[in-house]
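Listed below, chain by chain, are the residues.
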Amino acid sequence: MAQAEIGAEQRASRIPRASAAALLRRGRSLAWIALTLALTLLGLMAVTFVVGRVVPIDPVIAVVGERASQAVYDAARIEMGLDDPVVVQFARYVMDVLRGDLGMSVTTQRPVMEDLARVFPATLEMATLGILIGVTLGVPMGVVAAARQGTLVDQVIRVLGLAGYAIPAFWIGLVGLVVFYASLGWVGGPGRIDFFLDGMVEPVTGLLLVDSLLAGDMESFGSAFSHIVLPATILGFFSLAYISRMTRSFMLEQLGQEYIVTARAKGAPERVVVWRHAFKPIRVQLVTVVGLSYAALLEGSVMIETVFSWPGIGNYLTNALLNADMNAVLGATLLIGVVFIAINKLSDLLYLIIDPRARS
Amino acid sequence: MRGQRTASVRTWLLHESPATRAQARLGQAYRVTRALARNPLAMVGLVIVVGLVVVAAAAPWLAPYSPIAGDLANRLAPPSGAHWLGTDELGRDILSRIIHGARITLLIVVLVAAISAPLGLLVGTVSGYFGGAVDRVLMGLTDVFLSMPRLILALAFVAALGPGIENAVIAIAITAWPVYARIARAETLTFRRADFIAAIRMQGASHTRIVFRHVLPLCLSSTIVRATLDMAGIILTAAGLGFLGLGAQPPLPEWGAMISRGRAFILDQWWVATMPGFAIVIVSLGFCLLGDGLRDVLDPRRGTKT
Numbered sequence: 001m002a003q004a005e006i007g008a009e010q011r012a013s014r015i016p017r018a019s020a021a022a023l024l025r026r027g028r029s030l031a032w033i034a035l036t037l038a039l040t041l042l043g044l045m046a047v048t049f050v051v052g053r054v055v056p057i058d059p060v061i062a063v064v065g066e067r068a069s070q071a072v073y074d075a076a077r078i079e080m081g082l083d084d085p086v087v088v089q090f091a092r093y094v095m096d097v098l099r100g101d102l103g104m105s106v107t108t109q110r111p112v113m114e115d116l117a118r119v120f121p122a123t124l125e126m127a128t129l130g131i132l133i134g135v136t137l138g139v140p141m142g143v144v145a146a147a148r149q150g151t152l153v154d155q156v157i158r159v160l161g162l163a164g165y166a167i168p169a170f171w172i173g174l175v176g177l178v179v180f181y182a183s184l185g186w187v188g189g190p191g192r193i194d195f196f197l198d199g200m201v202e203p204v205t206g207l208l209l210v211d212s213l214l215a216g217d218m219e220s221f222g223s224a225f226s227h228i229v230l231p232a233t234i235l236g237f238f239s240l241a242y243i244s245r246m247t248r249s250f251m252l253e254q255l256g257q258e259y260i261v262t263a264r265a266k267g268a269p270e271r272v273v274v275w276r277h278a279f280k281p282i283r284v285q286l287v288t289v290v291g292l293s294y295a296a297l298l299e300g301s302v303m304i305e306t307v308f309s310w311p312g313i314g315n316y317l318t319n320a321l322l323n324a325d326m327n328a329v330l331g332a333t334l335l336i337g338v339v340f341i342a343i344n345k346l347s348d349l350l351y352l353i354i355d356p357r358a359r360s
Numbered sequence: 001m002r003g004q005r006t007a008s009v010r011t012w013l014l015h016e017s018p019a020t021r022a023q024a025r026l027g028q029a030y031r032v033t034r035a036l037a038r039n040p041l042a043m044v045g046l047v048i049v050v051g052l053v054v055v056a057a058a059a060p061w062l063a064p065y066s067p068i069a070g071d072l073a074n075r076l077a078p079p080s081g082a083h084w085l086g087t088d089e090l091g092r093d094i095l096s097r098i099i100h101g102a103r104i105t106l107l108i109v110v111l112v113a114a115i116s117a118p119l120g121l122l123v124g125t126v127s128g129y130f131g132g133a134v135d136r137v138l139m140g141l142t143d144v145f146l147s148m149p150r151l152i153l154a155l156a157f158v159a160a161l162g163p164g165i166e167n168a169v170i171a172i173a174i175t176a177w178p179v180y181a182r183i184a185r186a187e188t189l190t191f192r193r194a195d196f197i198a199a200i201r202m203q204g205a206s207h208t209r210i211v212f213r214h215v216l217p218l219c220l221s222s223t224i225v226r227a228t229l230d231m232a233g234i235i236l237t238a239a240g241l242g243f244l245g246l247g248a249q250p251p252l253p254e255w256g257a258m259i260s261r262g263r264a265f266i267l268d269q270w271w272v273a274t275m276p277g278f279a280i281v282i283v284s285l286g287f288c289l290l291g292d293g294l295r296d297v298l299d300p301r302r303g304t305k306t
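Chains as they are written, first to last, in the numbering used here: chain F, 1 to 360; chain V, 1 to 306.
Chain V with its partners taken away, still in its complex shape:
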């Protein structure tokens, strides 16, 4: 009885000619999920990314201690039953700080993606859709940004704007958008002369409507793949800024800043600097694996990551 119902749901989802948009979209989502589930490495990545979100959301309940308040009697304690990953120079529990740090990492990654991906998407689709002089100017600008060193540029921007999470996000986003513009433009070029675009235009749709309702959505999947693959780089850059003292400021438990603080004790109390690094590696790896898997599913044409 129950098996029959799931079977019929599956047929409905995988129907060749969906009756409604909702059915088509759900069906597409179902296909992607199923293909993704067949790739073990991608599933590992998914678990890590979902884990990051859960940890960030439930940080106050998961963390055994406060991330800010220290216990000076217990400073620089090695990993033990009470403090699984040890304590830092102010006696703060490192595990609790890493758990709360997940919020900062997630915040930075989401904000950078939310600024740079739409910006790049807009520049790329407009450039590809209109072509001609618009294309040349926008792509010239994109190429100028693309051929500059990203980390150094971000450093210079933060130096000018002043340290802090918001400025780090702005600086990283400024250097991250050109990649999305390039991809969206290439994608747009493949269908700008397609019949369905001509049909919409003849129905009297404005350029704005065509770009936003018809061109942009088609570039979304490649942008999502790229954004997922970029997440690792964003995390590393943000951690690097934190390490140099230009990102999140103390006492915020940002992972890069934590490594920087632990540097002074690296020889005798190795866990202070080492533990947050593992968090960075695991989360970055998770985004890499998920991005790789998504690319294989959504875009089977391309081989390995370029």
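Here chain F stands alone, though its shape is the one from the complex:
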């Protein structure tokens, strides 16, 4: 009986209803998401602000030098606003960040914001390719593992999934370079493109694969592809591990439901039971999983980029770390954090839009 009710509810919700109460409820959940988003971003800025303040290096000395007299030191300290209460300093920091001012990088001698805009597309390109690989392989693998629970296929997929939790990304990257680049020569080495093709393609989107296609430069495209394929596959493997694991557990939950028994009893073929009956309802949950996984990839690319000398935000961050370039470290942390949080909230929002239960 409960099953029939839910079925009716799902059908009914496909018809758009604009009742005032429903709109109000939806507006309220939207407002809630916006509020938590704002609070989380503020929290993120508080963390980067605190981290920036606990750096043992005195920022005043960095400006006036070690030998400055006490008077010069004090004047500079006041001018830099370090005399103000912490709250005022934090407010000023937030305003600066909102204006897009992240300070200057000591290593590149350029505004951090400019640097980030330059390196971000490289990371985006790699992570996007990675998530595409992760979704196209991970979802079917999870479904198959659940449909054949306990068989050899299931065990193999489970072990693959576990490996994703146990293998260090930077290590498998190194091993991959040795095997597929140095020994077999199947893929390009570190970097985004062969050095003699570097700078040949006019940057339009900043995504090399797209730009070279736009320019019709197939040689550059091939080179860029051979360079991105290994790091993106490794990233894809880690998201595959997570996505297939989650898909499997969602599917097992669905396959244990009574409506599946009904579908089987009326003689539906197994393929239809699995893909049309059981898979459909979990698509909503998968959106959240894919969103989380994509955000995790942007983060995970830090290690991979270091290994592959990939000129993205991860490489920028680790270089800044090693040079104690704090503005660059905090700026990159902030950007990765903002993207991470934004993707998280976006998948919450998508959930709200596509899940009929949340909608009605």
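Hint data in this document are derived by calculation from the structure and do not stem from the laboratory.
A quick note: this is a predicted structure, and the numbers were derived from the prediction, not measured.
All C-beta atoms, glycine included, are put in the ideal place defined by N, C-alpha and C.
A few of these clues could be false.
Each pair of labels, with its calculated beta carbon distance range [to be verified]:
| hint | chain 1 | residue 1 | chain 2 | residue 2 | range |
| --- | --- | --- | --- | --- | --- |
| 1 | F | ASP101 | V | PRO64 | 56 to 66 Å |
| 2 | V | THR20 | F | ARG25 | 31 to 41 Å |
| 3 | F | LEU23 | V | THR208 | 44 to 54 Å |
Take the given structure of chain F and dock chain V to it, following the hints.
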């Protein structure tokens, strides 16, 4: 005669109405162990984790060479009978370094768990037990930390605090506690209105006593499961920090730092960077398998790892 005695011990352990607390606890431990022993993958995990502890404890006796002193005449030697896993760029035996590195890995994992799990447990139980404004503030804070990228946050903290094992531990612990808070709160909510809590309160117990003596212990098993599952992630993060030069400093034989040093020789002397990686994979896998098994035993409600 002997069989009879073991049989009676088993009956005593599995008694439905234990006479003492000790009997109840031992019985529970016995049940968990027996259920765990039926799961082969979990046993593999247990063997690996116990192996790690044994290797770490007996490192000076197990390691054939010194982990620090090198033999420059014998640098970058491939794996052989004398050096099973080869030597590194200073002629140090890689196997000995991996064995001693087990101590660092174990130290980091134990310290992070010892800081983050109790902290998260306390925040979660207090939040769940008191509810209301306390709950909203604490959980708001938890959510802020939870929705931030953990590795990046740890990197930023280490950058600010300076490299080293202690700072790496602090940085990882700061990013690890929110998960435990969430779990403990959810658990607490299920029994905060239960009769036994009301009964204790009516006996005049203080809030502190109730939280510490009655609420916290009930959240322990889910926390232990979560902590075991998290160990792999902690090991990977610590190794990642070591790889970037932000964790343990040379000449300490930390596995991530060893991989980083071996990077320069990866094409010709592959074993320098590859061998420590196998150690990381095996140990992480061990914690994953054990955690999976423990979860199935202690918490049969949930399906696969989420």
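The hints, checked one at a time:
no.	hint	result
1	F:ASP101 - V:PRO64: 56 to 66 Å	57 Å, holds
2	V:THR20 - F:ARG25: 31 to 41 Å	54 Å, violated
3	F:LEU23 - V:THR208: 44 to 54 Å	47 Å, holds
Of the numbered hints given earlier, the model fails hint 2 alone.
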